Amino acid sequence: MELKKYKLGDIAKIEISGVDKKSVDGETPVRLCNFVDVYRNWAITQKLSENFMIASAKETEIAKCSIHKGQVAITKDSETRDDIGIPAYIADDFDNVLLGYHCALITPNDDVLDGKYLNAFMHTRYIQKYFENNASGSGQRYTLSNETIFQIPILLPSLEVQKAIGNLLSNIDRKIELNRQINDNLEKMAKQLYDYWFVQFNFPDENGRPYKSSGGKMSYNKRLKREIPIDWQVKNLIDLTEIKNGATPSTADEANYGGDIVWITPKDLSDQQSKFVYQGERNITKQGFDSCSTSMLPINSVLMSSRAPIGLVSIAKNDVCTNQGFKSFIPKKMEDSIYLYYYIKHHIKQIEQLGSGTTFKEVSRDDLCKFPILVVGAKESYRQWAELQNGIADKQFVLQKEIAILTKQRDELLPLLMNGQASVNYHLSHD
Numbered sequence: 118m119e120l121k122k123y124k125l126g127d128i129a130k131i132e133i134s135g136v137d138k139k140s141v142d143g144e145t146p147v148r149l150c151n152f153v154d155v156y157r158n159w160a161i162t163q164k165l166s167e168n169f170m171i172a173s174a175k176e177t178e179i180a181k182c183s184i185h186k187g188q189v190a191i192t193k194d195s196e197t198r199d200d201i202g203i204p205a206y207i208a209d210d211f212d213n214v215l216l217g218y219h220c221a222l223i224t225p226n227d228d229v230l231d232g233k234y235l236n237a238f239m240h241t242r243y244i245q246k247y248f249e250n251n252a253s254g255s256g257q258r259y260t261l262s263n264e265t266i267f268q269i270p271i272l273l274p275s276l277e278v279q280k281a282i283g284n285l286l287s288n289i290d291r292k293i294e295l296n297r298q299i300n301d302n303l304e305k306m307a308k309q310l311y312d313y314w315f316v317q318f319n320f321p322d323e324n325g326r327p328y329k330s331s332g333g334k335m336s337y338n339k340r341l342k343r344e345i346p347i348d349w350q351v352k353n354l355i356d357l358t359e360i361k362n363g364a365t366p367s368t369a370d371e372a373n374y375g376g377d378i379v380w381i382t383p384k385d386l387s388d389q390q391s392k393f394v395y396q397g398e399r400n401i402t403k404q405g406f407d408s409c410s411t412s413m414l415p416i417n418s419v420l421m422s423s424r425a426p427i428g429l430v431s432i433a434k435n436d437v438c439t440n441q442g443f444k445s446f447i448p449k450k451m452e453d454s455i456y457l458y459y460y461i462k463h464h465i466k467q468i469e470q471l472g473s474g475t476t477f478k479e480v481s482r483d484d485l486c487k488f489p490i491l492v493v494g495a496k497e498s499y500r501q502w503a504e505l506q507n508g509i510a511d512k513q514f515v516l517q518k519e520i521a522i523l524t525k526q527r528d529e530l531l532p533l534l535m536n537g538q539a540s541v542n543y544h545l546s547h548d
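Under our numbering, the residue at position 58 of the sequence shown is numbered 175, and the numbers go up by one with no gaps.
Honestly, the hints are just simulated from the structure, not real lab data. Computed from a prediction, not measured in an experiment: that's the story for all the values here. Warning: the hint list may mix true and false statements.
[Stated by the list, open to error] Lysine-lysine pairs mimicking DSS-like chemistry, simulated, CA-CA at most 25 Å apart:
#1 Lys-139 / Lys-175
#2 Lys-518 / Lys-164
#3 Lys-512 / Lys-292
#4 Lys-449 / Lys-361
#5 Lys-308 / Lys-122
#6 Lys-292 / Lys-518
#7 Lys-403 / Lys-384
#8 Lys-246 / Lys-121
#9 Lys-434 / Lys-525
#10 Lys-130 / Lys-186
#11 Lys-308 / Lys-329
#12 Lys-305 / Lys-434
#13 Lys-384 / Lys-525
#14 Lys-449 / Lys-487
#15 Lys-525 / Lys-246
#16 Lys-512 / Lys-525
#17 Lys-339 / Lys-462
#18 Lys-246 / Lys-130
#19 Lys-308 / Lys-518
#20 Lys-403 / Lys-434
#21 Lys-466 / Lys-478
#22 Lys-466 / Lys-487
#23 Lys-496 / Lys-449
#24 Lys-518 / Lys-462
#25 Lys-466 / Lys-512
#26 Lys-512 / Lys-305
#27 Lys-164 / Lys-186
All chains, please: the whole structure from these sequences, using the hints.
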């Protein structure tokens, strides 16, 4: 594959966004595609834009920073070098959507450069290394100057090959995004089931009617400070679960790491943004496990980050252990796992209020042991609810694993396609 070398600024228009997260009287209302939207997504789609924040902008900003299909956005400023220069392809046309502050917008010359290919090229380690080496600043903030972005060295095959490569990788990402959308819709259904049955208490009564709305008997509970169905109980979390701490093996000893024991940190949950967790960024060895006070957690344990930050929650789908940033719950009845997951998520603000500490807040095991949990009294309704939830969860987990496989395939294909070690079958790349 023959490649020609260009400077990005010679074959694309580059605009630096200064549109801030604010609404000002007299300016035009807009939606903002912000740093985190670019950072977390391969492509920016209409579906993603439904959650963009509302702000306002001047007409000059609208003319300069409106996003359109075929462009590429990149992150420009961040606290760490690793977080700058992260690209996302603008996959659709938008009305009144602007790129936000701390980002740059690149509009390719369509006669020379394909936007999907540019997005893929800028995901390569070659370009990420360029950004890391050329970022200015130190300590608290790193940034990419206009000149640094202009001077990006870009290697281009023919436009036909660019489009074939860009389309193939975008098609994989489209499948990833579709799976995410299905998973999100399933999660909305699952949460509605929890809210309807165990927050509003409209689970089916013995006649199949919604309990509370049909006049089901309620009684006031002092601990929860609300009415609950009569004969339901309130216990402590420790009555229904074992609560385990985590720990970190010494990082000074390399023999503690690289084994086959899955070890989870809050960063793993933050990065994955998933209901289930089965693998972290880094495994530990048996030596590492034995050297510290972490605990093994069986499948269907519920993990909750207890500091920096408090409140990331996930269900283990593998035998795992964690670092000290977690308090994890092993249900005494494993069929309670899904209920426990939603109960904790629903009450996360109350749990956060238990946090104490000067440098950062942390929730203690003792406080969690005493935290109240509602015990469902309607056993048949609970069984039906758990059956419905498990059916949803099984579908979600299959989709989550498929997302991970597709993401891995895309990321492994990327360098091979870029350096010509792999070529694209036209039919696989066709939209």
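Structure-based check of all given hints:
1. Lys-139 / Lys-175: The hint holds at about 12 Å.
2. Lys-518 / Lys-164: Since the Cα atoms of Lys-518 and Lys-164 sit roughly 22 Å apart, the hinted pair holds (cutoff 25 Å).
3. Lys-512 / Lys-292: holds, 16 Å
4. Lys-449 / Lys-361: Holds. Lys-449 to Lys-361 sits at ~13 Å (cutoff 25 Å).
5. Lys-308 / Lys-122: violated, 51 Å
6. Lys-292 / Lys-518: Roughly 13 Å separates the two Cα atoms, so the pair holds.
7. Lys-403 / Lys-384: The hint holds at about 22 Å.
8. Lys-246 / Lys-121: holds, 20 Å
9. Lys-434 / Lys-525: holds, 19 Å
10. Lys-130 / Lys-186: Judged against 25 Å, a Cα distance of about 14 Å means the pair holds.
11. Lys-308 / Lys-329: holds, 19 Å
12. Lys-305 / Lys-434: Holds - the C-alpha atoms of Lys-434 and Lys-305 are around 21 Å apart, at most 25 Å.
13. Lys-384 / Lys-525: OK: Lys-384 and Lys-525 at ~19 Å, within 25 Å.
14. Lys-449 / Lys-487: Holds - the C-alpha atoms of Lys-487 and Lys-449 are around 16 Å apart, at most 25 Å.
15. Lys-525 / Lys-246: holds, 20 Å
16. Lys-512 / Lys-525: Holds: Lys-512 and Lys-525 sit about 20 Å apart, inside 25 Å.
17. Lys-339 / Lys-462: holds, 21 Å
18. Lys-246 / Lys-130: holds, 22 Å
19. Lys-308 / Lys-518: Roughly 21 Å separates the two Cα atoms, so the pair holds.
20. Lys-403 / Lys-434: At roughly 20 Å apart (the allowed maximum being 25 Å), Lys-434 and Lys-403 satisfy the hint.
21. Lys-466 / Lys-478: Roughly 13 Å between the alpha carbons, so the hint for Lys-466 and Lys-478 holds.
22. Lys-466 / Lys-487: The hint holds at about 16 Å.
23. Lys-496 / Lys-449: holds, 16 Å
24. Lys-518 / Lys-462: Holds, at roughly 22 Å.
25. Lys-466 / Lys-512: Status violated; Cα separation ~28 Å.
26. Lys-512 / Lys-305: holds, 13 Å
27. Lys-164 / Lys-186: holds, 14 Å
Violated hints, listed in ascending order, are 5, 25; each of the other numbered hints is respected by the structure.
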